[in-house]
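Engineer: For reference, the chains in residue letters:
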Amino acid sequence: MNWNAWIPLLVVLSSLLPGLIIFGLAEEKVRVRITLNLFGALTKLILVGWMIWGVYNGYHYETRLPLLPNLELVLRAGPLALLFVSLSTLLWLVTTVYAIGYLEDSPHRSRFFGFFSLCVTATVGVALAGNLITFLLFYELLTLATYPLIVHRGTEEARQAGKTYLRYTISGGALLLIGTVWLYSLTGTLEFTPKGFLTNMGEEHYPALITIFTLLIAGLGVKAALFPLHGWLPQAMVAPAPVSALLHAVAVVKAGAFGIIRVVYEVFGVEFSAALGVLTALAWLASFTIIYGSLRALFQDDLKRRLAFSTISQVSYIALGVAIAGPIATIGGVVHLVHQGLMKITLFFCAGNLAETLGIHKISEMNGVGRRMPWTMGAFTIGAFGMIGAPPVAGFISKWYLGLGALNTGQSWVILVLAGSSLLNAAYFLPILHRAWFMPSPKSWPHEHDFGNKETAWPLLLPPLITAAIALAAGLLVTLPFSPLEWAKLISVREFYQP
Amino acid sequence: MQNAFIAFPWAVALILLPLAGAIFCFLFPRLNRTLGLMTSFGIGVAVVGLGWQLQEHGIYRHAVSGWGAPLGIELYADGLSLLMLATTALVGFAISVYSTAYFNPTLSIRFWPIWLCLLAALNALFLSADIFNLYVTLELLGLSAVALTALTGSKEALSGGMRYLLATLLASLAYLLGVALLYHNFGSVDITLLAQQIHASPATWAALGLMGAGLMLKTAIFPLHFWLPPAHGSAPAPVSALLSALVIKASFYILLRLWFTLFEPIIESETINSLLGLLGCAAIIWGSVQAMRQTRLKLLIAYSTVAQIGYLFLVFPLATSMGSTAWSGAAYIIISHALAKSAMFLSAGNLLTFGGHDRISDLDRVVQRLPLTAAAFGLAGVSIMGLPPSGGFIGKWLLLEAAMIQQRWDLVAVMILGGLLAAAYIFKVIGRTFTQAPVTHEAQSVSATMQWSALLLAIGAILLGFLALPVLSLLNISDPTITSGVGL
Chain A
1 MNWNAWIPLL VVLSSLLPGL IIFGLAEEKV RVRITLNLFG ALTKLILVGW MIWGVYNGYH
61 YETRLPLLPN LELVLRAGPL ALLFVSLSTL LWLVTTVYAI GYLEDSPHRS RFFGFFSLCV
121 TATVGVALAG NLITFLLFYE LLTLATYPLI VHRGTEEARQ AGKTYLRYTI SGGALLLIGT
181 VWLYSLTGTL EFTPKGFLTN MGEEHYPALI TIFTLLIAGL GVKAALFPLH GWLPQAMVAP
241 APVSALLHAV AVVKAGAFGI IRVVYEVFGV EFSAALGVLT ALAWLASFTI IYGSLRALFQ
301 DDLKRRLAFS TISQVSYIAL GVAIAGPIAT IGGVVHLVHQ GLMKITLFFC AGNLAETLGI
361 HKISEMNGVG RRMPWTMGAF TIGAFGMIGA PPVAGFISKW YLGLGALNTG QSWVILVLAG
421 SSLLNAAYFL PILHRAWFMP SPKSWPHEHD FGNKETAWPL LLPPLITAAI ALAAGLLVTL
481 PFSPLEWAKL ISVREFYQP
Chain B
1 MQNAFIAFPW AVALILLPLA GAIFCFLFPR LNRTLGLMTS FGIGVAVVGL GWQLQEHGIY
61 RHAVSGWGAP LGIELYADGL SLLMLATTAL VGFAISVYST AYFNPTLSIR FWPIWLCLLA
121 ALNALFLSAD IFNLYVTLEL LGLSAVALTA LTGSKEALSG GMRYLLATLL ASLAYLLGVA
181 LLYHNFGSVD ITLLAQQIHA SPATWAALGL MGAGLMLKTA IFPLHFWLPP AHGSAPAPVS
241 ALLSALVIKA SFYILLRLWF TLFEPIIESE TINSLLGLLG CAAIIWGSVQ AMRQTRLKLL
301 IAYSTVAQIG YLFLVFPLAT SMGSTAWSGA AYIIISHALA KSAMFLSAGN LLTFGGHDRI
361 SDLDRVVQRL PLTAAAFGLA GVSIMGLPPS GGFIGKWLLL EAAMIQQRWD LVAVMILGGL
421 LAAAYIFKVI GRTFTQAPVT HEAQSVSATM QWSALLLAIG AILLGFLALP VLSLLNISDP
481 TITSGVGL
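Which chain is which? The protein sequence lines are A and B, in order. Going left to right, the first sequence walks through residues 1 to 499 as our numbering numbers them. Going left to right, the second sequence walks through residues 1 to 488 as our numbering numbers them.
Chain A on its own, in the form it takes in the complex (with noise of 0.2 Å):
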């Protein structure tokens, strides 16, 4: 019996399970619900760290079940897989943490906790499938976890924004399905494989290969929230904060993202799709749409949004890492994959409490919050810091690898994109910063709860402190062994740019 063949099913299994569990128990059973989702966030946790150390000394973790004659259900631990799952598990352990406090007293907290596991379970299936069926297997079910989430307020809002994201998740997921489809027609595999699988095609596949490239591109671009396809991400907003949260930090977007990863470096490989010409137009659509969300955010009022609007400029980043096609770039996309995550699930969770605590949406009513709540706005300022790419918190090192790496292979305009996002990014995050620590506070907050003299509640403090703390940690102490750094710089090695 070969234990290392389980467990990344388990790792699947360890919110999968609990999450059908939760979807049976009643409303009131709290202490049971809470119990539950925290044993299978640790579960996963130890499981994660015990594969990082394996893969780390050179083990292999696959699972392998039948699924159609000769494809089969994949789930593999490399190392880009692991990035994406120890981002996954450490931030829904947080979250899950913020959930509970947030939802406090809510009505259909069962429904929402189950949905929430099935949610990450799907995740963390993403980012553990081997071929590429597996991947859009999770993939869709990844649509149809958070289908339940956005909706979840029940009002004429929430279903309008749960229409909007299904118009354009579930025609994403059809393009992919074409794409897989037609890639296995062609080459009769769809396992990813290191510098991919088609380096064997004949010349005349290329036009049918190009139109695969994009039918997947697009497929993914709409998680991804690429430009044009980004329209569903600030409608999205309606849903409870620690599901934009999760969201925009790990489960949807960066799906989406890491698929494009897969995508490039392990089904096409990245010097086919150079030779087939997709990554230039990959390169630019990416960088329009770094330009082009800064540009939005900054005409945003409503916190939430011009957040929203962020995402899509700054998830583009690790798109455009991997369409810059070079070891250097690479390490800076696949490392942005973390370091976004961390920063944005920051900036969310304290929107989070600043709505929670004092009622406030907008960015106009932020006036003097800093004095009201100094940690919650702490961490915010070091999240915002770290979207600008200020030294020393972890934007700052996706930024300077991805801006080196475009100098390494020649593309230097990709220099302006980045210095152009960052003083964007400058615009629309200084503002609120300026506004929340110097300048008077109001007499009254438009709606505030009393949390005695804590500046709010604990599972609403603890979790952005931490995750600010992680995000600072992961700039400063870029040269330890296991840093998201140094573990990208692994990826690139034994993945991407294998010897």
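Simulated from the structure, these hints should not be mistaken for lab results. Note that the coordinates shown come from a computational prediction; the quantities given were computed from them, not determined experimentally. Certain hints may be false.
[Stated by the list, open to error] According to the in silico footprint, chain A covers these stretches of chain B (three or more CB under 8 Å from chain A):
| # | region |
| --- | --- |
| 1 | 368 to 382 |
| 2 | 395 to 406 |
| 3 | 415 to 423 |
| 4 | 458 to 469 |
[Claimed, not checked] Derived Cβ-Cβ restraints for the label pairs, each shown as a range:
| # | chain 1 | residue 1 | chain 2 | residue 2 | range |
| --- | --- | --- | --- | --- | --- |
| 5 | A | 211 | B | 420 | 15 to 21 Å |
| 6 | B | 469 | A | 26 | 44 to 50 Å |
| 7 | A | 70 | B | 169 | 42 to 48 Å |
| 8 | B | 56 | A | 27 | 50 to 56 Å |
| 9 | B | 61 | A | 70 | 28 to 34 Å |
| 10 | A | 46 | B | 292 | 46 to 52 Å |
[Said to hold, decoys possible] Among the chain A residues that face chain B by a calculated CB cut under 10 Å, a handful are:
| # | residue |
| --- | --- |
| 11 | 54 |
| 12 | 68 |
| 13 | 71 |
| 14 | 100 |
| 15 | 103 |
| 16 | 111 |
| 17 | 133 |
| 18 | 138 |
| 19 | 143 |
| 20 | 156 |
| 21 | 166 |
| 22 | 170 |
| 23 | 173 |
| 24 | 174 |
| 25 | 181 |
Yeah, the Cβ is synthetic: ideal placement off N, Cα and C, and Gly gets one too.
Put chain B on the given structure of chain A with help from the hints.
Structural biologist: The following block gives chain B in isolation, referenced to the frame of chain A:
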């Protein structure tokens, strides 16, 4: 003990058991629920027995009372028959369980004998190897189905049932004429013997046209679907479920058999198959668009059936040259649609019992108040949309793969579009169940039996997404596309 189990004529039991059950239900109306459930369970056991026999010995043949073809009646079962029988047994059992709680005593007395008769007809149909027997079972099936549709005796049910009756009689008549023509020309009704002798002639073509048209009318392929929505929409929920899940599949099954074993040598040109494929495409689009426009849940589900039948007809253009992949895909869609669609109709029945109406725009709060039913509808919806993980996805994947390999981009486009439209009409319902309008009237409680039987069927449709290999290996106990030309 084991030998006795293997040697037992399970196929005969599959036909006699429900017939006996029907008679006993009629004779002892007070015991109808118990008798019906026991019979339904017994059918399940018999299917397992037959499956075992097939695994051990391959294709099963049984000459009833020792008289084989061409004189006597022969029972025949291969992988496809087995899967159809198994689906019937499974879905039939769930519907039986549901019905024990759904019908009031008066209706219950009428329901059980007819339902068991219908099961006997279905089982006999899937076990028949000659075209005349198929006619007899088809007629019995049609009549019991009509009787069930009109069960409540309401004005709506009677008019829906009447339309259904006329359509089904016309269809049987056309089929019977085709049988007569073939018998007159070739002197046999046994499919195997006919397949050896058949050759193109005006009479054969006429037979093909008549039988094909009759079966297509019964299967309700576009544009012959006019009778389906009123019949399926007005029948009691368990009846709608069994009509959509099982009854229309039976006539499609005959069509599939005739096309791939009997008429295969004479259908040389691609035209007929392309035409059938075209009808399938039209059904997918038309059915889905109509489903989107409905304001009543049961009609929406009925139109969704019209669309799903369209996918089945894509097997004709795709499987002629390729065989196995498209063939398996269609078979897989038959099974998963049977599970998912019955789950949907049963949940619709729950909602109807619960709120007293099935207006889609007034389904508010269902997710909170009937979570099991909402889950059943949602999970069944996943399979109908063809999203993974579900049986519907596997079927669609196989069909897509076949279409890709043959470069039939038109069919690929229609299948994908059909999936998108299905998502649109299913989420139209699901979106409404989440909203929070104030409660306007006191709802009726829905029994756990009814909720769980719907949910378990839906879970079955999802689990099928992981069972492709075992199911397909059963299907290949004998693959008609492989054995065709050599006879069965």
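Engineer: A separate judgement is required for each hint: does it hold in the structure or not?
Structural biologist: Results for each hint:
1. A stretch counts as covered by a chain when three or more of its residues have a beta carbon under 8 Å from one of that chain; for the region 368 to 382 of chain B and chain A the count is 4, and the coverage holds.
2. For a cut-off of 8 Å, the count of residues in the region 395 to 406 of chain B with a CB near a CB of chain A stands at 6, and the three-residue condition holds.
3. For the region 415 to 423 of chain B, the proposed coverage by chain A is satisfied: 4 residues have a C-beta within less than 8 Å of a C-beta in that chain, meeting the threshold of three.
4. With a threshold of 8 Å between beta carbons, the proposed coverage of the region 458 to 469 of chain B by chain A holds, since 3 of its residues qualify and at least three are required.
5. Remark: the range hint 15 to 21 Å for residue 211 of chain A to residue 420 of chain B is upheld by a beta-carbon distance near 19 Å.
6. Hint check: residue 469 of chain B to residue 26 of chain A, Cβ distance near 39 Å, so the stated range 44 to 50 Å is violated.
7. For residue 70 of chain A paired with residue 169 of chain B, a C-beta distance near 46 Å keeps the hint of 42 to 48 Å intact.
8. Checked against the hint of 50 to 56 Å, the pair residue 56 of chain B and residue 27 of chain A passes, with Cβ atoms roughly 52 Å apart.
9. Taking 28 to 34 Å as the suggested C-beta distance range, the pair residue 61 of chain B and residue 70 of chain A conforms, at roughly 33 Å.
10. Taking 46 to 52 Å as the suggested C-beta distance range, the pair residue 46 of chain A and residue 292 of chain B conforms, at roughly 47 Å.
11. The interface hint given for residue 54 of chain A is violated, since its Cβ lies 27 Å from the closest Cβ of chain B, which is over the 10 Å cut-off.
12. Given hint, residue 68 of chain A at the interface with chain B, holds; its Cβ is 5 Å from that chain's nearest Cβ, closer than 10 Å.
13. Restraint check, residue 71 of chain A versus chain B: the minimum CB separation of about 9 Å is within 10 Å; hint holds.
14. About 20 Å separates the beta-carbon of residue 100 of chain A from the nearest beta-carbon of chain B, more than 10 Å, and the hint is not met.
15. Annotation: residue 103 of chain A was flagged as interfacial toward chain B, and the flag is violated, the nearest CB pair being 15 Å apart, outside 10 Å.
16. This hint holds: residue 111 of chain A has a C-beta 7 Å from the nearest C-beta of chain B, less than the 10 Å allowed.
17. Evaluation of the residue 133 of chain A hint against chain B yields a held restraint, the C-beta minimum of about 8 Å falling below 10 Å.
18. With 10 Å as the threshold, the beta carbon of residue 138 of chain A comes within range of chain B, its nearest partner Cβ sitting at about 8 Å, so the hint holds.
19. Residue-level restraint check for residue 143 of chain A holds (minimum Cβ-Cβ distance to chain B is 8 Å; threshold 10 Å).
20. Nearest Cβ of chain B to the Cβ of residue 156 of chain A: about 7 Å, under the 10 Å cut. The hint holds.
21. Hint status for residue 166 of chain A: holds, given a least beta-carbon distance of 5 Å to chain B, under 10 Å.
22. Taking 10 Å as the C-beta contact cut-off toward chain B, the hint placing residue 170 of chain A at the interface holds, the least distance being around 5 Å.
23. Using the Cβ-Cβ criterion of 10 Å, the hint placing residue 173 of chain A at the interface with chain B is satisfied: the shortest such distance is roughly 7 Å.
24. A hinted interface residue such as residue 174 of chain A counts as satisfied when its beta carbon comes closer than 10 Å to some beta carbon of chain B; here the least separation is about 5 Å, so the hint holds.
25. Among the interface hints, the one on residue 181 of chain A holds; its C-beta lies about 5 Å from the nearest C-beta in chain B, closer than the 10 Å criterion.
Of the numbered hints stated above, those contradicted by the structure are hints 6, 11, 14, 15, listed in ascending order.
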